[in-house]
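With chain A's structure known, arrange chain F on it following the hints.
Sequence order for the protein chains is A and F.
For what it's worth, the numbering used here labels the leading residue of the first sequence as 1, then goes sequentially.
For what it's worth, the numbering used here labels the leading residue of the second sequence as 504, then goes sequentially.
Keep in mind the hints are simulated off the structure, nothing from the lab.
It is possible that some hints are incorrect.
Restraint-style ranges between C-beta atoms, simulated for each label pair [claimed, not checked]:
1. F:580 to A:187: 27 to 37 Å
2. A:422 to F:603: 17 to 27 Å
3. F:561 to A:479: 50 to 60 Å
4. A:302 to F:516: 22 to 32 Å
5. A:49 to F:524: 23 to 33 Å
6. A:422 to F:528: 18 to 28 Å
7. A:59 to F:561: 20 to 30 Å
8. A:49 to F:566: 50 to 60 Å
9. A:190 to F:516: 21 to 31 Å
10. A:58 to F:580: 50 to 60 Å
11. A:58 to F:599: 52 to 62 Å
For each residue, glycine too, the CB sits at the ideal point set by N, CA and C.
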Amino acid sequence: MEYDWLSLLPHLILAGGAVVLVAAGAASRRFAGAVAPYFTVAVAAATAAAALMLWREPASSWFGALTVDPFFVIFAVIFAATLALVALLSARYAPLDGSDRPEYYALLIMVTCAVTFMASATNLVLIYVAIEFSSILSYILVGYVRGDRLSGEAGLKYFLYGAVASAVMLLGFGLLYAMTGATDLAAVAANLPHMGRSFETWGYVTVVTPSGGAAATLSPVFIFLAFGLILVGLGYKISAVPFHMWAPDAYQGAPTPVAAFLSVASKASGFAVILRLVLTLHGALDLVYGGWTKYLAALAVASMVFGVVVGIVQTDVRRLLAYSSIAHAGFALLGIVADTQLGFASVIVYLVLYAAMNIGAFGTVAVIGHVTGGYDLKDYAGMGRRHPVLAAALAVFLLALAGIPPLSGFFAKFYVLAALIDRDYIFLAVVAILASVVALFLYARVIKPMYFGKAEGEDVRRFSPAAAVALVICFLFTLLLGVWPQLLVAWAKAAIIPLLPRI
Amino acid sequence: MTITPLHFVGVSALLFGIGLLVVLTRRNAIGVLMGIELMLNAVNVQLVTFDRVYGPERLDGQLFSLFVITVAAAEAVVGLALILAVYRSRGTVAVDDLHELRG
Chain A
1 MEYDWLSLLP HLILAGGAVV LVAAGAASRR FAGAVAPYFT VAVAAATAAA ALMLWREPAS
61 SWFGALTVDP FFVIFAVIFA ATLALVALLS ARYAPLDGSD RPEYYALLIM VTCAVTFMAS
121 ATNLVLIYVA IEFSSILSYI LVGYVRGDRL SGEAGLKYFL YGAVASAVML LGFGLLYAMT
181 GATDLAAVAA NLPHMGRSFE TWGYVTVVTP SGGAAATLSP VFIFLAFGLI LVGLGYKISA
241 VPFHMWAPDA YQGAPTPVAA FLSVASKASG FAVILRLVLT LHGALDLVYG GWTKYLAALA
301 VASMVFGVVV GIVQTDVRRL LAYSSIAHAG FALLGIVADT QLGFASVIVY LVLYAAMNIG
361 AFGTVAVIGH VTGGYDLKDY AGMGRRHPVL AAALAVFLLA LAGIPPLSGF FAKFYVLAAL
421 IDRDYIFLAV VAILASVVAL FLYARVIKPM YFGKAEGEDV RRFSPAAAVA LVICFLFTLL
481 LGVWPQLLVA WAKAAIIPLL PRI
Chain F
504 MTITPLHFVG VSALLFGIGL LVVLTRRNAI GVLMGIELML NAVNVQLVTF DRVYGPERLD
564 GQLFSLFVIT VAAAEAVVGL ALILAVYRSR GTVAVDDLHE LRG
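Chain A extracted, bound-state conformation (with noise of 0.2 Å):
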């Protein structure tokens, strides 16, 4: 069998990116910090130009563990963008002052190359192995403020919670395993429908049997166990309720840059692992009692209601974004909901939107925080005087957010809706919608001191150009994508189509 190296490309320039930043800063600690982040860059750069590469390219497979896919290339896409964005805001970033800069962008490009293996891992033990990958490095990176009592307790919570529910979910693969004698998800895919080994065979059993006896009336109950707790994993990775604990504290405790990425990169890296477990265990899905989209819609429908409700009492502006980013889970896991073509496109388009216009915010949000060293909304009293562009720029992204029409929001919501009405959930869409008009409350509450509040204090430091540049992208990127969505579609869609069951 040939293998086809060139679609590791994306894979092997993050990891060889990171391997050189590490020995750099081991070499000489002035210039590898300095040039970092402008190297980080270069990497994302290059990652997203080989995974693009890669979309016309038919999907490859690596022994069935991993697939490289337009599915794929969409994220690898994604996660590469992130990863530049976040680099560029982490530049001069003060928090992190006295904290080691090589080794901080060293992790960055570790973190988004596990993430990516995330979205290309078709088998349970690849799948583990990186979700636990990103996972592990994002504690670091949430804990990485040296003497930072808050960043500390922060990174030691992200890690408490994300061991249990990874160990969890890794139950939940064993018991696949166990039911199948699979791990590669297309094989597991195969033998769960009629899985037939009795429980009580010993020795080695090499043949399938068709289900009956005492296997047979055990099968529903565990194949609703193993997806029960395989949900347990990535709800805690796209932070759904009651799975999102959580978030709050990692996001407030953890350098603003890097709240930005676990907001975006890691929750669309959760996304990536259910729509392929989705996707390629569709039938087997469908033996889950009652429907497997009913659990997934309460899911959604308790991360929407639950985000917005707590979101709105929050006076932290960076947990605030964090209730914000568990509804806006809730939101994008409706469009799996839906389980249509235009359904599993609608997430892809709500990730990418989303994308743009969260890390915007938090980036907004992480200049704000250097500049004036607040993160209260307190301290946003009268920002719309003292830094008239900041501030516009942050209403700007918080009004996508909450999916006012010109901008990028609405569109992101718009085809999950259009999805959802296909189906005839109108239930589901009217809670959605719902969500979204008290979600836009939740906003109002940093825009109104912005402008009708009173300017206090003084400026502390001045932010960087770097950061500046960060911000515009995302800018354009909130403003031109509510124009002209169509195109996005249509890449979302392309990516879907060869994954689809065929029903």
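Only chain F this time, still in chain A's reference frame:
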């Protein structure tokens, strides 16, 4: 009495349950970490059990368990480093004392 895979599943479930109980009841972060390790090893028992059920020519289960052991080691390293960082700044590793972040 013959030993069947179901018995191993029972042992694995018991270990996992004990691990979860440790995670939920321990106040000390290192204790919680030990509970997590127990949960991962419970899954390993299950993986190698079914590796034997499915025959000697396929090694998916053993392979999976080797990866789990490696990941568990990496997780323990990072976990202990974070616990150490928190201990240096606060002088305690009790999970209940992690309450400065709230809204």
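Now the hints, each set against the structure:
1. F:580 to A:187: 27 to 37 Å: Holds - the Cβ-Cβ distance for residue 580 of chain F and residue 187 of chain A, about 33 Å, lies within 27 to 37 Å.
2. A:422 to F:603: 17 to 27 Å: Distance hint for residue 422 of chain A, residue 603 of chain F is violated at roughly 47 Å.
3. F:561 to A:479: 50 to 60 Å: holds (54 Å)
4. A:302 to F:516: 22 to 32 Å: This hint holds: roughly 28 Å between Cβ atoms.
5. A:49 to F:524: 23 to 33 Å: Since the Cβ atoms of residue 49 of chain A and residue 524 of chain F sit about 50 Å apart, the hinted range of 23 to 33 Å is violated.
6. A:422 to F:528: 18 to 28 Å: violated (48 Å)
7. A:59 to F:561: 20 to 30 Å: Holds, since residue 59 of chain A and residue 561 of chain F (Cβ atoms, about 25 Å apart) stay within the stated range.
8. A:49 to F:566: 50 to 60 Å: violated (34 Å)
9. A:190 to F:516: 21 to 31 Å: holds (27 Å)
10. A:58 to F:580: 50 to 60 Å: Given a distance of about 40 Å, which is not inside 50 to 60 Å, the answer is violated.
11. A:58 to F:599: 52 to 62 Å: Holds, at about 55 Å.
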